[in-house]
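> Chain residues, written in single-letter form:
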Amino acid sequence: MAFYASRIIQILPYFLKGLLMTIEVSGISLILSTVLGFVLGILRTADSKLITRSIGVYVDVMRGTPFVVQVFIVFFILPSWGLQLEPLPAAILALTAMTAAFICEVVSGGIKAVPKGQWEAAAASGLTRMQQLRLVILPQSMQTILPPLVGQYVLMIKDSSVVSVIGVTELTRVGWQTVVRIPEGLMVFTLVGILYFVICYPLIRLSNYLEHRLSLQTVKL
Amino acid sequence: MIVFKNVHKWFGKLHVLNDINLHVRSGEVVVICGPSGSGKSTLIRCINRLEKFQQGELYVDGQALHDHSINLTKLRADIGFVFQQFHLYPHMTALQNVTLAPVNVRKIDKKEAVALGREKLARVGLADKAEAYPAQLSGGQQQRVAIARGLAMNPKIMLFDEPTSALDPEMIGEVLDVMVQLAGEGMTMCVVTHEMGFARQVAHRVIFMDAGQLVEKGAPDEFFDHPKTDRAAQFISKILTH
Amino acid sequence: MLINFNFRVIWEYMPLFLEGLRNTFLISIVSLILALMVGILACAARLSRWKLLRAVSIVYIESIRSTPLLVQIYFFYFGLPTLGLRVPELETGIIALMLNSGAYIAEIVRAGITSVPNGQIEAGISSGLSYTQRMRFIVLPQALGVTVPPLLGQAIVLVKDSALLSLISVLELTRCGQELTSERFMPAEGFLTVAVLYLCIYYCLKPLAGWSQKKLIFREEY
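Residue numbers (the working numbering), protein chains in the order written: chain A, 6 to 226; chain B, 7 to 248; chain C, -10 to 211.
PhoX-like cross-link-like pairs, simulated, lysine-lysine; straight-line CA separation at most 20 Å:
1. B:K162 with B:K80
2. B:K135 with B:K117
3. A:K54 with A:K117
4. C:K203 with A:K117
5. B:K58 with A:K121
6. B:K58 with B:K19
Note that these hints are calculated values from the structure, not bench results.
Let the hints inform the model, and build the full structure from the sequences given.
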């Protein structure tokens, strides 16, 4: 065991490289899914039934199927429809598509939580629909959106472990490659777990803090 | 200034506005009263098209509201609206609440808007509360900020939807004082309220609504002292004993 | 895109898909029941008077919530043999799912208990109810109502999470898609069928969660 421990310290750089890859995949997907999620979430509150229903179906499909199945669909099936993707773009596409659906729900929930009177007051002053949303509604809903949004980021970082199955050499895949050579499963995956913990735990605390701050504010109002 | 011609509105099967005919002249102060659910709020919400109606004609400042192609934001910019529940923007200070529309709708310079905002806040007696957030203000103060917010657009018409109903009794006076002053300056006003003192003091006309119909209109003293219809008489006796 | 979709193969593999569906169902139910027990125990420890018990529970809950399920599965799959324990894949997977969901359920239950307003407890004290009576008649019935909707949400998550067991060769629904891919190289037929079957489960559970949200949450009116 001590022998393996020293080997693991030897290969620690590989783990750090894997960690960097995890951060890269999650970081890019985080930005893309936030943009897409906000657009979808705003459209979800639109008046058009066609738009809201289609987004609803999209969200249901993303929420109703396991992420690993989505990854397989993107990686194995899109090529037969003419879209051949390398593992990394495929991983980013799958993560973005799924997370955007969850963020869409968070955003539309936040917008719907703003009382109707705020829309009316803004409309009565002659603001356009976009101005009402940008100046009056979104700033207020950000408080309710932020804590679950950070929560979604945590889920996404954890879900990024699944893209190891299509050969993206991120943290989990590094662990899997290592354990084949060094049969110390407990130690290897404890190390992998610790590295995930280092990123996710602060984010979870941040989400809790934002939520706590929000609840204090609601009491004050 | 405001002309209703045979306006009808339904919420599903409920006939909330039933054949409304009304002409409000420029500079006139009209008080609208009636039991709850009589359609009086819906009536004034039609004037700035917060509510649509299905039948009839409505002209506001020469624009035809039944024509769906009109520029709504332009129409609303010229009409101030004060809500029962204030609806101040909780994430903005009193001053920011007042200057939001002048800057973003009228596109006036920020500095100018701030000066304008302070002037309007001073007018409602809240010059010292410019930097306060709504949550730090009393109900009466919030409603006065809401009035200043409406006035900041230099509107041609001010609409008030039960502006004092959500207030504690001791705060009603400060809001009514501002409204009386405004009426004295010749503003065209439509006010949904049960404040008889206010109606007698400044209203040119009182309108009584019941079950979606415009039942009675007349000078305030005449309406309150000698109502013509039973329904109005009943209503007045109820708010008097209240 | 569905032009050369081979429905005959799907039909041919239907018995396999149904077996996978049944296994996914059983794995989820068993894991959910075990996770409920773990979750309630962990929550009791979390709210306990003893510091050590609280600390253990917090470490458990936070480390589960801060790491991916897949890493937890591999931890047991590759780790248990290192300890000399030979546990079959299915049981390994269920242990991982149980401990994972257990941590989330502990937090759900705790949120339910702490959501009961203090005024309710004070009202109970004023009526002379004992601690157990207050728990039984006032706190738990209200907490339960608040707990059921997120628990159903967790059940949906659990069904989806069980798909990861396919990666340690447990024959559940997702594994069927992989078999179709490796035996016939027909990933579209395999994984789209799998996705549709998961959606069926989702659409059964989703209205239930919505219904419970409306029916079971009582709130004091102000």
